[in-house]
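**Q** Sequence:
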Amino acid sequence: MLERVGDQLAGDQARHEVVHAPLPRDQAHEPPHLRDHLGVPLHHHLVLRRALPHDLSSPCVANTTHSATSAASMGLLSRGGSHRQEKRRTCKLPRGVIAMAARRQRPDSSAALVAFGRQMRRLREAKDIKQETIAHLTKVSPAQVSRIESGKKRATRTFVELVDDYLEAGGSLISLWEDLNKDGHPVPIWFDWPQQESEAVELVTWQHTIVPGLLQTPAYARAFLSSDEAVEARMARQSILTRTDAPPTVLTALLSEGVLSHLVGSPEVMREQIEHLIALSELPNITIQIVRNNGRPAGTGGAFVVATMEDRSEVAYMETTVRGITTDDPSDLAKLSETLRELRARALPEDMSRDMMREALEKWT
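With UniProt numbering applied, the sequence shown closes on residue 365, and no number is skipped along the way.
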């Protein structure tokens with residue numbers, strides 16, 4: 001599912017310049033940085049958004065304290081991690097009144113907001129319109145327009161409607177704004193993962209069944225895709241690993257040993273694919289490690305990929321039994337971090353992983 005969504009969106013972007021925005025790695029929070037648990041650099045999307053409780057109507061005393069981010073509290077914050085100020089409310093309720101769980105709201109800065117801002121900026125720049133013009137139109141300051149486009153401020157519906165009309169966006173901005181303002185509504189499947197993937201500095205992926213799309217050969221990919229166009233789109237995505245016009249993306253791939261023995265296509269296809277993996281593992285920006293089963297299943301869920309952006313914000317795409325989910329929620333990232341810690345502990349070193357791939361290659365000969 002993860003790969004098909006990426007390929008489909010990559011193809012859509014090639015044909016349509018205006019695509020519903022991605023989920024930027026919403027990050028008002030400092031999520032746990034998975035690189036700290038992989039021992040290697042790590043970078044780069046339905047967003048599961050957790051929110052802060054609304055103010056309670058009952059008498060509350062607001063206590064302001066300084067505390068490390070949730071990542072730091074778990075010992076996951078990397079060196080140099082920031083602290084944030086948190087307001088905690090202590091509420092005294094009348095006797096006999098049962099406290100209801102406070103309603104949660106989305107944070108003011110999130111991957112979804114960054115995605116919205118990027119899309120708005122693309123539309124504006126495509127029309128060669130300055131931020132000052134948008135500010136004058138919407139009666140806000142240019143600084144506010146800049147904050148909205150950078151994902152640091154949530155736009156109002158009136159603002160979005162004015163901008164959508166002025167930029168002749170055909171309702172696309174309004175639709176995007178409505179999606180990311182629905183309570184409990186995950187970011188839709190059109191989430192611009194390929195763009196996020198291409199902008200990521202580092203990626204880490206866990207696959208327990210098949211080779212990740214970024215490492216597949218055309219023949220291997222064709223076993224899952226129905227058209228040459230889809231195969232070409234998948235191959236095009238792989239250019240981020242070998243590009244020369246910008247630093248290539250750093251990729252860490254943790255693969256279950258079952259990936260090497262699971263027949264895809266034909267023995268010839270498997271031989272070519274494993275040879276390709278061995279060759280890629282020699283590149284300085286690519287790490288491939290095999291995770292032994294050792295009589296117990298590796299990983300606690302489906303496949304996933306975590307992307308870290310240049311600003312060190314992170315977002316993860318996870319596969320479930322029914323759908324793919326993109327999340328930048330600190331608690332979700334913390335769980336994935338723990339999964340990666342376990343996988344890393346069981347993974348063979350790079351040289352031994354290559355030896356195991358060579359052994360698998362002989363079995364397919």
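One or more of the hints may lead you astray.
What the hints assert, rightly or not - In silico lysine-lysine, DSS-like type, Cα no more than 27 Å apart, as pairs:
# : residue 1 : residue 2
1 : Lys-363   : Lys-152
2 : Lys-152   : Lys-130
3 : Lys-139   : Lys-127
4 : Lys-152   : Lys-139
5 : Lys-127   : Lys-153
6 : Lys-139   : Lys-153
7 : Lys-335   : Lys-363
8 : Lys-130   : Lys-153
As the list claims (entries may be wrong) - Beta-carbon label-pair distances, calculated as ranges:
#  : residue 1 : residue 2 : range
9  : Ser-261   : Ser-175   : 40 to 48 Å
10 : Asn-285   : Gly-265   : 23 to 31 Å
11 : Thr-156   : Lys-130   : 45 to 53 Å
12 : Ser-239   : Glu-282   : 48 to 56 Å
13 : Asp-245   : Lys-139   : 48 to 56 Å
14 : Arg-292   : Ser-239   : 29 to 37 Å
Bear in mind the hints are in silico, worked out from the structure with no lab data behind them.
For glycine and all other residues, C-beta sits at the position ideal for the given N, C-alpha and C.
**Q** So, for every hint listed, does it hold in this structure?
**A** To see whether the hints hold, each was checked on the structure:
1. Lys-363 - Lys-152: violated (53 Å)
2. Lys-152 - Lys-130: holds (19 Å)
3. Lys-139 - Lys-127: Given that 27 Å is the threshold and the Cα spacing comes to 20 Å, the pair holds.
4. Lys-152 - Lys-139: holds (18 Å)
5. Lys-127 - Lys-153: Holds: Lys-127 and Lys-153 sit about 23 Å apart, inside 27 Å.
6. Lys-139 - Lys-153: Distance of about 16 Å is within 27 Å: holds.
7. Lys-335 - Lys-363: violated (36 Å)
8. Lys-130 - Lys-153: Holds, at about 18 Å.
9. Ser-261 - Ser-175: 40 to 48 Å: This hint holds: roughly 45 Å between Cβ atoms.
10. Asn-285 - Gly-265: 23 to 31 Å: Between Asn-285 and Gly-265, where Cβ atoms are some 27 Å apart, the hint holds.
11. Thr-156 - Lys-130: 45 to 53 Å: violated (21 Å)
12. Ser-239 - Glu-282: 48 to 56 Å: violated (18 Å)
13. Asp-245 - Lys-139: 48 to 56 Å: violated (41 Å)
14. Arg-292 - Ser-239: 29 to 37 Å: holds (32 Å)
Comparing the model with each earlier hint shows violations of hints 1, 7, 11, 12, 13; every other hint is respected.
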